[in-house]
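Those protein sequence lines, which keep their order, are chains A and B.
Position one of the first sequence corresponds to residue 1 (my numbering), numbered consecutively onward.
Position one of the second sequence corresponds to residue 89 (my numbering), numbered consecutively onward.
Honestly, I wouldn't trust all of these hints.
Derived DEER-like restraints, expressed as beta-carbon distance ranges [what the hints assert, rightly or not]:
| no. | chain 1 | residue 1 | chain 2 | residue 2 | range |
| --- | --- | --- | --- | --- | --- |
| 1 | B | Asp135 | A | Ala26 | 12 to 22 Å |
| 2 | A | Arg54 | B | Gly136 | 36 to 46 Å |
| 3 | A | Ala26 | B | Gln210 | 33 to 43 Å |
| 4 | B | Met89 | A | Glu72 | 35 to 45 Å |
| 5 | A | Ala22 | B | Gly236 | 18 to 28 Å |
| 6 | B | Gly136 | A | Gly3 | 45 to 55 Å |
| 7 | B | Lys119 | A | Gly3 | 24 to 34 Å |
| 8 | A | Leu19 | B | Ile235 | 16 to 26 Å |
| 9 | B | Asp135 | A | Gly3 | 39 to 49 Å |
| 10 | A | Arg54 | B | Lys119 | 31 to 41 Å |
Not the full set, but computed from the structure, chain A residues with beta-carbon under 10 Å of chain B [said to hold, decoys possible]:
| no. | residue |
| --- | --- |
| 11 | Leu11 |
| 12 | Phe20 |
| 13 | Ala21 |
| 14 | Arg24 |
| 15 | Val27 |
| 16 | Gln29 |
| 17 | Asn39 |
| 18 | Phe43 |
| 19 | Leu59 |
| 20 | Phe66 |
| 21 | Ser73 |
| 22 | Ala77 |
| 23 | Thr79 |
| 24 | Ala81 |
Don't read these hints as lab results, they were simulated from the structure.
A virtual CB, placed ideally from N, CA and C, is assigned to each residue, including glycine.
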Amino acid sequence: MAGITGEEIALAIVVLVGLFAALRVAVEQNTLRKLPYLNVLSFAIAAAIALLIRHPLALLAAAAFFVGSTLESNAIASTYAGGNTEDD
Amino acid sequence: MLDVIARILAASLVSWLLFITIDVLFKLPEKGGVSGATAIGRTIEEDGGALHGGYMMGNIVCSPDASAGTLLAACGVYIAGIFGGLAAALLVYLGNRICHDPGYAGTTGAVLATFVIFGFTQVGFGAEEFIAGMVLAILSIQGLSHIGASRLLATLWGWRA
Chain A
1 MAGITGEEIA
11 LAIVVLVGLF
21 AALRVAVEQN
31 TLRKLPYLNV
41 LSFAIAAAIA
51 LLIRHPLALL
61 AAAAFFVGST
71 LESNAIASTY
81 AGGNTEDD
Chain B
89 MLDVIARILA
99 ASLVSWLLFI
109 TIDVLFKLPE
119 KGGVSGATAI
129 GRTIEEDGGA
139 LHGGYMMGNI
149 VCSPDASAGT
159 LLAACGVYIA
169 GIFGGLAAAL
179 LVYLGNRICH
189 DPGYAGTTGA
199 VLATFVIFGF
209 TQVGFGAEEF
219 IAGMVLAILS
229 IQGLSHIGAS
239 RLLATLWGWR
249 A
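This is chain B alone, in the form it adopts within the complex (with noise of 0.2 Å):
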């Protein structure tokens, strides 16, 4: 029990690292993409948080974006292998579109989630594991503290801007 407990919690880091990664080289927390998005940011900034991570948390709200194609990658990798990945990177371009996103971070994301998961199922890991591991990333920014998340993503906008 305690080794699956282990390797979600490294699933989990390995999901962080990814999916942050990819949305702040996709530029999310340089500005809402839609209004709602923008306002979300300023929300939080207005409650003492960062204003670009305040963007790029909202942006994450508003469209499908590297967190959500990592998770849904997870689950197509967990149902049918490889394929079941890319078929999750497949529906979530069509949800960035439905969600009038002009990016695609939440594509490449999946996709490339996609084979980072399927080679961890190759050295032991299993991709249910990668699915608690991403619910467990997301909630670290977007559950737990927004003012703490965004002065965190705002400063790894720092180094990328």
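With the rest of the complex left out, here is chain A (with noise of 0.2 Å):
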């Protein structure tokens, strides 16, 4: 195993992470219990854009992309509660 330098050792274990949180997602059928797996999924995308990426712009995609994904599971959770109430 010589050679795989820690980039690579950390990168893998945000791709296994991952890829389970992408089979949870799929076998799940309720939409509201998918949403924490989701956000697993999201945490592992993010990490690999940055650890695959290592530019400044990198970060800016990572966050961008964290932050949409958020709020695309924000607007979906909220409309099955049945839309903006006051709380909002």
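Fit the two chains together into the complex; they arrive one by one in their own frames, and the hints show the way.
Shown next, in the form of structure tokens:
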């Protein structure tokens, strides 16, 4: 196993967690129950963007992807909750 | 290789303690910040989990919290050192506003994590180990057992409240 860098080990762990989370998103039937698994998948994708592209703009890409994904989950969950209420 | 994995596990533990402490101090388990977070909390409770732990998990789904702050700070430190981490904190701040989050758990988490991670990079850790560590830490809360995680978070919230 010589020649494997720390970055590659970190990336391998991130990818494995992402695949596991993707599988759970696919298997789970209830949309609200899917969202925490989707959250883990978004973490893994944002992490992989930064690990694969070590460039200042990659930080912007990872943050933009993550915030966008979070906002989508927020919208989906709020729709299933019956739309906007005075809590929002 | 084993030393890298050991450091990733240690980084994961540090990240876990950091984001859970900040999220609980910022009262994420108290109630859902938006109706969607409340709905996720109630669904987890219906499955046999704890309501306040579920609220915190719903809040983590619906807006970048201290866990997201820690992840993006780790990415920032990995890419551009301490200034990269602080740039990530600014992006998390903007992300919170975009997601209608009235709180500052995400921004606070990103700023604190930047200094913690930068400190660890001075003693032999790599920032990439914190990126992988944070992904493992969020897996333990959102990706393994929602019932178990919500009960653990509710217990921690009980100490806080």
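Verification of the supplied hints:
{"no.": "1", "hint": "B:Asp135 - A:Ala26: 12 to 22 Å", "result": "holds (19 Å)"}
{"no.": "2", "hint": "A:Arg54 - B:Gly136: 36 to 46 Å", "result": "holds (43 Å)"}
{"no.": "3", "hint": "A:Ala26 - B:Gln210: 33 to 43 Å", "result": "holds (41 Å)"}
{"no.": "4", "hint": "B:Met89 - A:Glu72: 35 to 45 Å", "result": "holds (37 Å)"}
{"no.": "5", "hint": "A:Ala22 - B:Gly236: 18 to 28 Å", "result": "holds (21 Å)"}
{"no.": "6", "hint": "B:Gly136 - A:Gly3: 45 to 55 Å", "result": "holds (47 Å)"}
{"no.": "7", "hint": "B:Lys119 - A:Gly3: 24 to 34 Å", "result": "violated (51 Å)"}
{"no.": "8", "hint": "A:Leu19 - B:Ile235: 16 to 26 Å", "result": "holds (23 Å)"}
{"no.": "9", "hint": "B:Asp135 - A:Gly3: 39 to 49 Å", "result": "holds (45 Å)"}
{"no.": "10", "hint": "A:Arg54 - B:Lys119: 31 to 41 Å", "result": "holds (39 Å)"}
{"no.": "11", "hint": "Leu11", "result": "holds (8 Å)"}
{"no.": "12", "hint": "Phe20", "result": "holds (7 Å)"}
{"no.": "13", "hint": "Ala21", "result": "holds (5 Å)"}
{"no.": "14", "hint": "Arg24", "result": "holds (7 Å)"}
{"no.": "15", "hint": "Val27", "result": "violated (12 Å)"}
{"no.": "16", "hint": "Gln29", "result": "violated (12 Å)"}
{"no.": "17", "hint": "Asn39", "result": "holds (5 Å)"}
{"no.": "18", "hint": "Phe43", "result": "holds (5 Å)"}
{"no.": "19", "hint": "Leu59", "result": "holds (5 Å)"}
{"no.": "20", "hint": "Phe66", "result": "holds (6 Å)"}
{"no.": "21", "hint": "Ser73", "result": "holds (5 Å)"}
{"no.": "22", "hint": "Ala77", "result": "holds (3 Å)"}
{"no.": "23", "hint": "Thr79", "result": "holds (8 Å)"}
{"no.": "24", "hint": "Ala81", "result": "holds (4 Å)"}
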